[in-house]
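Visitor: What follows is each chain in one-letter form.
Protein chains: 2
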Amino acid sequence: MSLFRVALAQINTTVGDLDGNAEKVRKGIAEAKAMGANLVAFPELTITGYPPEDLLFKPRFIADNRARLDSLIPETKGITAVVGFVDADKDIYNAAAILHNGKLAGVYRKMYLPNYGVFDEDRYFKAGHSCPVFDIGGAMVGVNICEDIWYPGGPTLHQANAGAQIIISINGSPYYAGKVGYREKFVATRAIDHGLYVCYVNIAGGQDELVFDGNSVIFNPDGEAMVRGKVFEEDMVVADLSLTAIMGHRLRAPLHRKVKPATLPDGVSAPVVHLDPLPAAQRPALPARKLETIEPIAEIYKALVTGVGDYVRKNGFKRVLFGMSGGIDSSIVAAIATDALGPESVIGIGMPSRYSSKSSLEDAQALAKNLGIEFHVIGIEPAFEAMLSMLGGMFEGTEPNVAEENIQSRIRGNILMAISNKFGWLVLATGNKTEMAMGFATLYGDMAGGYAVIKDVQKTTVYELARYRNRAAGKPLIPESVLTKPASPELKADQRTEESLLPFHILDPILKAYVEEERSYADMLSMGFSEAHVKRVISQVDKNEYKRRQAPPGVKITTRAFGRDRRLPIVNKYRAF
Amino acid sequence: MSLFRVALAQINTTVGDLDGNAEKVRKGIAEAKAMGANLVAFPELTITGYPPEDLLFKPRFIADNRARLDSLIPETKGITAVVGFVDADKDIYNAAAILHNGKLAGVYRKMYLPNYGVFDEDRYFKAGHSCPVFDIGGAMVGVNICEDIWYPGGPTLHQANAGAQIIISINGSPYYAGKVGYREKFVATRAIDHGLYVCYVNIAGGQDELVFDGNSVIFNPDGEAMVRGKVFEEDMVVADLSLTAIMGHRLRAPLHRKVKPATLPDGVSAPVVHLDPLPAAQRPALPARKLETIEPIAEIYKALVTGVGDYVRKNGFKRVLFGMSGGIDSSIVAAIATDALGPESVIGIGMPSRYSSKSSLEDAQALAKNLGIEFHVIGIEPAFEAMLSMLGGMFEGTEPNVAEENIQSRIRGNILMAISNKFGWLVLATGNKTEMAMGFATLYGDMAGGYAVIKDVQKTTVYELARYRNRAAGKPLIPESVLTKPASPELKADQRTEESLLPFHILDPILKAYVEEERSYADMLSMGFSEAHVKRVISQVDKNEYKRRQAPPGVKITTRAFGRDRRLPIVNKYRAF
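Those protein sequences? They're chains A and B, same order as listed.
So the number in the working numbering is just where the residue sits in the first sequence, counting from 1, plus 16.
So the number in the working numbering is just where the residue sits in the second sequence, counting from 1, plus 16.
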């Protein structure tokens, strides 16, 4: 065998859906066989979905996951399949099963467990200490899992030293904007360093706050991408790897000989495991296929569509609703929801008050018409007046303040939740990351909802997304006036968001520096931001942690999202300036 | 020196309050000197407060913490002080500084980092590999940190082998009901195993969802508690340890000789560090002191008082308010808040609707009078009618369901938040753990608030707490009728919580088995619970994860609280039966 055909099954697993995930593996194996693949690989923790979090504390869940894996073994007659599962033996491991010709031929246990950012794997798993190489009819294949390939001295090195020509890396690698390029850099480097093929398979789809971007890819020993999977969509990525070419490459460019000392660390082994050779399969020619690429803003848009779409579908909702004010935030959420779920599943609710401008309502109506979605108008004045009169006694002698503003926002939250409770539709919250950071949002008001679509998207990016979506539509799907009028929550007369906060083009870079990059006060001043602005942003971000703690989940698209990615105390007397 | 006087400064640190925490250390050192102590020890991460969470990602925070530690060094003329801080050297460590006679004499770095339950220490720290023993004028003292002492083969063993007679264990050990007994068992065992004194110092106070129970304690080599600190309150715990008695004890009962092989694990060292001997100090006699003990239900009550009191004070609020319905939940919250903050800081709001019984309002009024707190009545009918008419169009042709019930609850949430926004008072949520588990609570309604006092307290325990509080008062502080009438949310006619859910005496044990103990379906059946009940509980707990994700923080009092202690996915298709 000089050409080894590898298939990467880039599937959309669902956490806890053991039967559904196993069924996807079954179909993937059949499809790979039909294509004459020697090996098919599935993403990290295929059977359980990723990340299963505290489901891993249920011994029955572990046993059920193993039973599903075992049910797949007979499907592998005539092929090798790499399937992620939880391996149990006194303790549990994040593992990959190597199923070969109807047998369980081996298990690889993840050696590097990430425990930073959104990851808590030290909470759940014990690390593995063996990284075998499987000799599959002369093709030398090393399997490892996600974080493992991030380390220059990790299992890829030991497997290469033990003779691996092909690395199968199975992943559950969550998306953020810019990650694909970052990731591909070092994955390609591993291929170059060790003179081998790296076959990288990832999940495509959403799980709570995370989206997985797919982008499965195969690098040749020169670090060139041979083929790349679709972005955020299921795909089967196939390539023929030349084993003879590898030997030639290694003789010609023997970098691997000097990369690192070849000694294994204490306790780590890298045995070679010989599997039964399989008869050559029927092989249809592979169709030519362009390398997938996508422009950065389109990628973010697609991440949001994937996140909300999968959250709604995987939780079994049929329709979504949200407050549609005619502002830019609810407008982009309307477009995203419509692209994710179809116009028949999307309901906008206009809820004007005495402070709402006529043009806002008109913009919302125009957008609903453009998108083809249902739109209802429910004025909030009767409830607002009732609330003011009910509170008249307690508020006597006080000046109007944020209390009266928030009452309106919370009446809107109540209306949306009432409709949700009545019909079983999911409420989407429409706040952006800039507001979340600054606390410029009403808890139980505009923050109310099951899923906050753009909570990790800064306001300036919201505008970019709207312009992108209109460009893609070839027409002003989102009315021009939505993009050009000044932002306002319209909770009192003549309110302007940029006057209450700071101009967005100033505010967003400061927020990025503080929230995403953890820049110090001194650093931020030397980046050219003004002292007054930086102090104001730090104070406001810090003191609004309590609001964010009660915010709905939403799609992570940056290196540091609010939520499990950023764990700040609420009681916190530290001041960073 | 044959008597070594140790002082344990059981202080209430605050996360991020570097100056405040350092000031408490300064005072503690002065107090210990006045008592003629040879050594004074402070709790884990004294300077930063515990747990500092992602504040640890700020390099300036680490530098500031170090500066505060350095400012304390000159205070230690004539004494040894053990102070928790974050040590930095290329990476960061959870560490203890040994300050001796005006110098930094050594640093111990925590070797065992907990990364389970509420702990995420692998996210932040690198583990240490050295466990020195300090020779302080002939007294051999080993210092280690919290989790370290939980391990039989941990630093205590190595320090004992290197000659330690006294172990100083500095802790940030969060409370749950029953933990004190559990903890003292093995801390006492370490003293017996190695024939030495163990001096255990803990924080006393609340931090977000955690409360620290104090209960600092000193065990002699027979594993007997010599002295124990106050429960949940600051204290200075002092005892004289006899070094000559230790030698006699070891010769008489040489268990330590055979406990474990004396070889150190690879890479771990246990050097002896000699410190300058100090002149003998003036020593007032120690006053006799009873060992603190507290009955279990009183301990839980005090945990709740501490949690809410510290959350309110440390966040700078002056007053709290909450919906006071005359039901058992809001009644116990009223009592706890009053005990924590004083009656002048507590405001109850009665918000009757068409479904509220007259007796409920009377009970609330009677309770407010008994507690001496402010009480206001704001009927919700005008807003409820306005909402129903506003939604009349959309709801046309539908039957009343949970939507109409929740509208009322959310109007109440809106009223409380409006008053909060107007006057700057903190809203307390009054839901209990049984409701939280079953989703029998209204998101943005009765779940609204900054702090959920009894969210980790099961309904049956709420009744126990009320009976305890009345017993302690020697009179029905909480009116008898509150304890005897059937529980009801009063959101529709003739509603009974135990009919909507299950009788609490059946429901609570099933919930404990499922939520706190992760018992499997089969296990629960063999515990004698009915199939129908168990299935219902599992389904309802699982499907309401989304609500709990948006709940306010509240005091953890069980082994497994909802929140960071229990991290379940929302998208989750696993069914445990």
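In short, the hints are calculated from the structure, not lab data.
Quantities reported herein were computed from a predicted structural model and do not represent experimental measurements.
Accuracy of the hints is not assured; some may be wrong.
Given that identical chains are not distinguished, each listed pair holds provided it fits within a single copy or across any two copies.
[Unchecked claim] Pairs of lysine-lysine, PhoX-like flavour, derived with a Cα cap of 25 Å:
| no. | residue 1 | residue 2 |
| --- | --- | --- |
| 1 | K589 | K491 |
| 2 | K589 | K40 |
| 3 | K74 | K106 |
| 4 | K195 | K318 |
| 5 | K334 | K559 |
| 6 | K501 | K385 |
| 7 | K491 | K374 |
| 8 | K438 | K142 |
| 9 | K334 | K40 |
| 10 | K74 | K318 |
| 11 | K374 | K501 |
Visitor: Determine for every hint whether it applies to the structure shown.
Guide: The hints, checked one at a time:
no.: 1; hint: K589 <-> K491; result: neither (50 Å within a copy, 40 Å between copies)
no.: 2; hint: K589 <-> K40; result: between (50 Å within a copy, 15 Å between copies)
no.: 3; hint: K74 <-> K106; result: within (14 Å within a copy, 39 Å between copies)
no.: 4; hint: K195 <-> K318; result: within (14 Å within a copy, 48 Å between copies)
no.: 5; hint: K334 <-> K559; result: between (37 Å within a copy, 16 Å between copies)
no.: 6; hint: K501 <-> K385; result: within (20 Å within a copy, 54 Å between copies)
no.: 7; hint: K491 <-> K374; result: within (23 Å within a copy, 61 Å between copies)
no.: 8; hint: K438 <-> K142; result: neither (46 Å within a copy, 52 Å between copies)
no.: 9; hint: K334 <-> K40; result: within (23 Å within a copy, 57 Å between copies)
no.: 10; hint: K74 <-> K318; result: neither (34 Å within a copy, 33 Å between copies)
no.: 11; hint: K374 <-> K501; result: within (13 Å within a copy, 52 Å between copies)
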